[in-house]
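Fit chain B to the known structure of chain A by using the hints.
Number of protein chains: 2
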Amino acid sequence: MKIDKKVSAAVIQRLPRYYRYLGDLLDNDIARISSKELSVRMGITASQIRQDLNNFGSFGQQGYGYNVATLYEEIGRILGLDRSYALILIGAGNFGQALAGYPYFAKRGYNFVALFDNDPEIIGKTVGGVMVMDVAQLPVYLQENHADIAVLTVPGHIAGQIAGALENSNIKGIWNFSGSDLHLRGGIIVENVRLTDSLMTLSYMINEDDILQRAMPM
Amino acid sequence: MKIDKKVSAAVIQRLPRYYRYLGDLLDNDIARISSKELSVRMGITASQIRQDLNNFGSFGQQGYGYNVATLYEEIGRILGLDRSYALILIGAGNFGQALAGYPYFAKRGYNFVALFDNDPEIIGKTVGGVMVMDVAQLPVYLQENHADIAVLTVPGHIAGQIAGALENSNIKGIWNFSGSDLHLRGGIIVENVRLTDSLMTLSYMINEDDILQRAMPM
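Heads up: the sequence lines are chains A and B, in that order.
Note that my numbering numbers the first sequence so that position 32 is 40, with each residue one more than the last.
Note that my numbering numbers the second sequence so that position 177 is 185, with each residue one more than the last.
All clues stand as given, with none of them false.
If chains are identical, the list can't say which one is meant, so a pair holds when it fits in one copy or spans any two.
For lysine to any residue, the following SDA-like pairs were computed, each having C-alpha atoms within a straight-line distance of at most 20 Å:
| id | residue 1 | residue 2 |
| --- | --- | --- |
| 1 | K180 | V15 |
| 2 | K115 | S206 |
| 3 | K115 | G84 |
| 4 | K133 | G101 |
| 5 | K14 | Q221 |
| 6 | K133 | N102 |
| 7 | K180 | L190 |
| 8 | K14 | I196 |
| 9 | K14 | S206 |
| 10 | K14 | G65 |
| 11 | K115 | D35 |
| 12 | K14 | G51 |
| 13 | K180 | H191 |
Simulated from the structure, these hints should not be mistaken for laboratory data.
The shape of chain A in the complex, shown without the other chains (with noise of 0.2 Å):
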């Protein structure tokens, strides 16, 4: 079955969530769950889940439930964890080896090949088992090598410098930690994580109640 519509960006944004809590299901040894049972653990309504499912084909039988460890897969496949990624990362200061060294990413088929940075202390040093090069050689490299995906942690300012690079390569995503918004020509998808506005999020939900007693018209 061709499947014509994309699916909304709410949908997909749950989705590592589902294949999550199947996991800790997995974990304790579940094998079957209702809509409704998944429901409660998840927060989310019954409908929600058998909505946001059915955008990927039919799961669960009437009466069955889910069977967890075939539901767990096929999110798997449909979040693309079938496969492996080639990562690069430019920016391979703190954060960027935080990333590069977390053997998560690697257990799940995402594989950094390569690191850079502008910085000589840095240049050479080993993260990971890969040495961080010099970034000065990431268009060499690309023309060169195949990378699915370009993890970004340098500054704001820099991203724009980095992005011509990427935008003449073969990348088809970046993973955006630089707080600027890429102005990219077409193809390449960006995710952005922004850090700061959820710690800003958080502090608004500490101050709630004081902030809303405090709101005017003005």
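Only chain B this time, still in chain A's reference frame:
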């Protein structure tokens, strides 16, 4: 005006984005903007913007639009950025050090006042001017000092142990990078950051056409 209803999570998550866009406008010396123009820049509808902001009072004027500086300041206040926060961080590995050493946080009033780790090679190290303490000292530290937010950058299987010490403290929020769901006794707000979910979303997007083509009713 006392507003009783809580604001939806989706609205709250958009606030830092408004703040960021308005800050960029200010940097570019743009003094006022219509909700239409702002909506084009941000890629959300003008009516959504008006609805979001209406949660907190009445901003902008028919025919004039928004005063950028005023709205920026007001949203900053809503986000609680007119205060400062004492942050402690547990897990001062590469990732924790990257967060604790990031100067932007202090500029926004998020001050790391204490760092903890269990690794003898990390304990005693100074990051962003703060010395890393032994995590065994955490409960005593929390009894004797004030902290608003705990940043959890420990592996998931350790998060549960730390949570106990935090529950018995005056901590108001946890910025949780551990990948583990925290089940805390009431009151403490947890903001989870799941980097792996974000990477999985990116790999889905890269493969979307292909995935939808393969999707079959089972």
